[in-house]
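Participant: Both chains are given apart, each in its own frame, so use the hints to dock them into the complex.
Keeping their order, the protein sequence lines are chains A and B.
Using full-length UniProt numbering, the first residue of the first sequence is number 1, and each one after it goes up by one.
Using full-length UniProt numbering, the first residue of the second sequence is number 1, and each one after it goes up by one.
Keep in mind the hints are simulated off the structure, nothing from the lab.
Errors might be hidden in some of the hints.
Coverage of chain A stretches by chain B, computed from C-beta distances (three or more under 8 Å per stretch; other residues unrestricted) [stated by the list, open to error]:
#1 166-178
#2 339-347
#3 350-360
Covered stretches of chain B (in silico footprint by chain A; criterion: 3 or more residues with CB under 8 Å from a CB of chain A, positions within the stretch not fixed) [to be verified]:
#4 87-93
#5 106-113
#6 269-283
#7 290-296
C-beta: ideal position from N, C-alpha, C; glycine also.
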Amino acid sequence: MMRTTFSGFRLEPRSHLPRHINWTVPIGSFFAALFAGALLLLVTGQNPISVYQRILERAFLDTGSLSGTLIAATPLLFTGLCAAVAFRVGFFNIGGEGQFYIGAIFSSGIALALGRDAQVWIAIPAMIIAGALGGALWAAIPGVLRAYLRTNEIITSLMLNYIAGVIAVYLIFESSSFWRDLEGTGKMFPKGKVIPEVAFWPEYGIGSLVVPFGFVLGIATAAWIAVLQRRTRFGYEMRVVGGAPTTARYAGMRPGRVIVAVAAVSGALAGLGGAASVGNFRHILDPKGMQQSGFGYAGIVVAALARLNPVAVIFVSIIIGGITNAGYALQGPDFPSGLVGILEGLILFCTLGGEVLMRYRVVRTRGVSSNVVGAQ
Amino acid sequence: MNDNLFIVVFAAAIYYGTPLVYAALGEILAERSGVINLGVEGMMLLGAVGACWVATSIDGPAGLVLPIAVIAAMLFAAGGALIHAFLTITLRVNQIISGLALTIFAGVAGVSSYLAGLWDLGQSPVANQFGRMDLFGWGDLPVLGPILFNQTLLTYISWLLVVLTSIYIFRTRWGLQLRAVGESPQTADSVGVAVQRSRYLHVLAGGAFAGIAGACFSLSILPTWQNGMTLGQGWIALALVIFGFWRPDLMLVGAYLFGGLSSLRYTLQARGVEIPQLFLDSLPYVMTIVVLVVVSNSAARRQLGAPAALGKPYEREER
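Isolated chain B (complex conformation) (with noise of 0.2 Å):
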């Protein structure tokens, strides 16, 4: 039984965690580049409502709607950050109020409302949905079975893309490119790097793995649309960009760590424990601000630090 629970548990951690992975993942790319973008809950609900358009309007296999759904999600998302990349890379106005306009127009009361209204999404559950699926075979291992590979499509595809992310930004030409962009533009500039189209496409693709975070959410865990469906899941992945230190192997631990107190109210009510739920809800809120106050200790942040050039527009004027 004690057992059964700790399985439980670990394997919703998982679950609930993916969005977070996706969306942290993006925003380590575009702050790896230089720019916060602030607007990832916004951008997540723009990919939700935009998988749930697809997958509500669209009727046919599985195989055919759930890739166009998430495909339309990374749409949606980077369409809103292009506005953000527009404002902050092109006119240099604040990154910290761009994103915060973000998240206002697209997010609970702005587009993901209004479109959802316009197609009238949320009246039943979406047809195709990613369930659980065990993908290698390796569903019957004891403990790490049931924890790991039963879990969805987009997790799977979120470990790949988790590690490819890493190799990228660690070990190829380009993304050595891109950590010179974050850190010192007016150097990577001199040395024939075009810093403007590097931010551009970082802050896409951020946008992009926020969609599909979104995405997690219409196609799998609710799987509807509802208003404001992310929850401030958006702002988590910001936190753990930091707590990550810009790392994505760091940011999947913590990733995880967060799925599983967002999850423990679903997984210890089911199951009869009793804890105050004022406690449970606020968990990963407080949990949050307990790590940011860890990890932005300055011993820990000379070593692993944020990019030199975050948050600062380059103009090439000024050197």
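Pulled out of the complex, with its shape left as it was, chain A reads as follows (with noise of 0.2 Å):
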């Protein structure tokens, strides 16, 4: 019988992988999520060098604006570490946001409990380990339930993002919470209290350039994830059981522990994600707006992009803040909405794409082969 083999061409794997993939391919996918993104724009009628050169001057060029682009890079930078650690180690945590919203919810109702008569290196500290804390706790559902039920984790951490959404809503909105402003306008359109000064997160301004305390807490933590990953036994413990859980097991190790463990670190990376969003910029607790800005799933984005490499997602969320950046300070008629959100998908749909074009080589088959669909 002749076999009709799929397509034109297979993928060979190569012998040798070459030391520039490091960079070749995010660097290499950013702009061929580009050039797929002008092709849409283009078809759809929009001029894309146009849209594009406006992005630039709002993310990066004009005066002030990367200042905004790191108020939005500070979330991406903790729900980009989030998703990094936690794939690295096959845990797919897709909960980033939902933990990133417990992380302001616990933060933002620390520094409320604490008052305006609280020292400021009580306060901030306060919220940050009440954020990570939060998060901490709401990635362990998912992982606890992955290691000791053979849970799902993306579903179950899907679906608890959906609950922390409720949650958040229902503080401000559907109830007199301690969360709520309840004097003032806040009795005619419910909004969150605004947390007192004194836990304010501090602003350092370089010439022009205004660096959120947060931004500067989340190299910081960058950091020390790289050096837990590469120096420490628990780094060495998550290598293993992601990359080989029989091994892990035979080991010695605990599978299950380490998973619950990365779980909970993943999880207050988010958290703190939501600690820095209310102490640096929102200073309330805000349902919408967080539901709006979606950090928590554009951190997916960032780990992707960055290889899951810690210190390379510092630099990407600078790249995807300032796109994020430039949607919110551009929405209006002239500046397609959604356009965020395509860019994101196609730099994830053109990283992985990348990622295999680098470690395997395109063959041509001759002989029996013919083309069905679309497979060029």
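Facilitator: Okay, here's the thing in structure tokens:
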């Protein structure tokens, strides 16, 4: 019987992986995504050059734009680390979004509870710890379920995003909770109570650039994660459990414990993002604002483009933060809505595809072959 | 009165469960062939925007516009599925991340919103909608009539498709090949089944089904455009596949269970039943987690398990 092979080429693994893959794949996929996005803009009657030019200006070039970019990059840095740490171990934590919300709820709660008489050096560390703790607890749920009951963490962590969203909305819009501002305009329009000024996170001016404390904390955290992964016993266990769970068990490690620990660390990182967002920028619990930003999901894009490397996450968060920032600044009739998600999705697609093209060689097949569905 | 509430809740369960049926049915086909597609939520939104666009921009009788709108929904969503199919089947990338990418690309802040903005959708309800109709003339039956036979055409078609898909998977030669591809692609390949082609076709079919699920929202439930209008139902559909052990009939039961849970907030509130909002809103999501925990117990898994090659790319050279 004649067999129809599906496509006119096949992929052959390269015997030798080039070292430049670490930066060629991300850079190549980034520009490939921009190109694909440009095609989409062209087809739908937009001028890609002027759209991209405006993104570039609003993200990095205009005065003050880089400060705005860092505001978007700060939460992305944390949620990017959240995804990078978990995906490394094969724990697909898609719950960064919900862990971010819970972090924001915890940290704004502690800041409100401590009140305006608290010391700065107590209020801010308390927010950091509360945010990390909230995120860690929320992420521990899918972690424990996966480790001990073998429940798929992708769907459970995702469902917890929606539940966290419902909780945050409830606290502000559907109850007279501690988080809600019940005085002044807050009586008419539901909104969060502003945290006391002592709990506002500082900002550092470098010339015209404003660097939020949260971003500095994020860089320090990324460095700490890098050390944790490469230089500690826990990092070693993470690598083994991620690469070969059976081997890990034979070596006397406890994969279940490692997974729960990774889940908690990953959630703590997203929770820190929520704390930074409250402490540095919003100063209130703002459920709708958080849901619109979707920093948790965008963190997955950041992690993938950074090839799950914590230090690379810092730089990628600035790039994706720039696109996000431009998306906010340019909302309006002549800037298409939805473009940020399109670019993020395309970047992910291209990173995945680019990774394969670097690892394999494309070899044309000869003989009986027929192209069926768009395999080119 | 109590009787009445019972009927309302059950009828709503079927009405709101219908998009879940389509989406999960499509995902069953894709996963049976060995490909997980986490892009269901994104594909549903693509389908919803495609259907809404046709229903808004074409004037004509419902009998003409609605079929075109549904076909548009299927094509839009299948277009999204094609990206996933190419990346996961031909390039063999990680199926989880590719599916997530599809949802980000197509989802709330992506293509679906972009197209809706471009076409200025969502200003008013669509002119042609799938309304409730008594197709078989059984709407007057006591209890069953208002529950089962006062639904939209989309629901009646979904029943037909559940039956046909069940027969296809378990009673036909092609279905046998599909299961072989999902369980052991090497074996399937060695007896002459075109593994890659089978996977492409079923992932695309899964996309088309998700598109109809989206059309349920923009042509019947809402019925207009709203960014992110599917509200995570695509993810619940993914859980339903596991809940139904990859079988269409069991999945249908689950879909109506979740349809009922999602609709409780509307049905109970309209009747003044006092239940905290927080509880009602989070109930479908909490139940999804609970159900997943229950079915992922290992004994159940061994008997009615997932396709063995689920999530694994197939390359011939590996043999």
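Participant: Taking the hints in turn, state whether each one holds.
Facilitator: These are the hints, each one checked on the structure:
no.	hint	result
1	166-178	holds (count 6)
2	339-347	holds (count 7)
3	350-360	holds (count 5)
4	87-93	holds (count 5)
5	106-113	holds (count 8)
6	269-283	holds (count 4)
7	290-296	holds (count 3)
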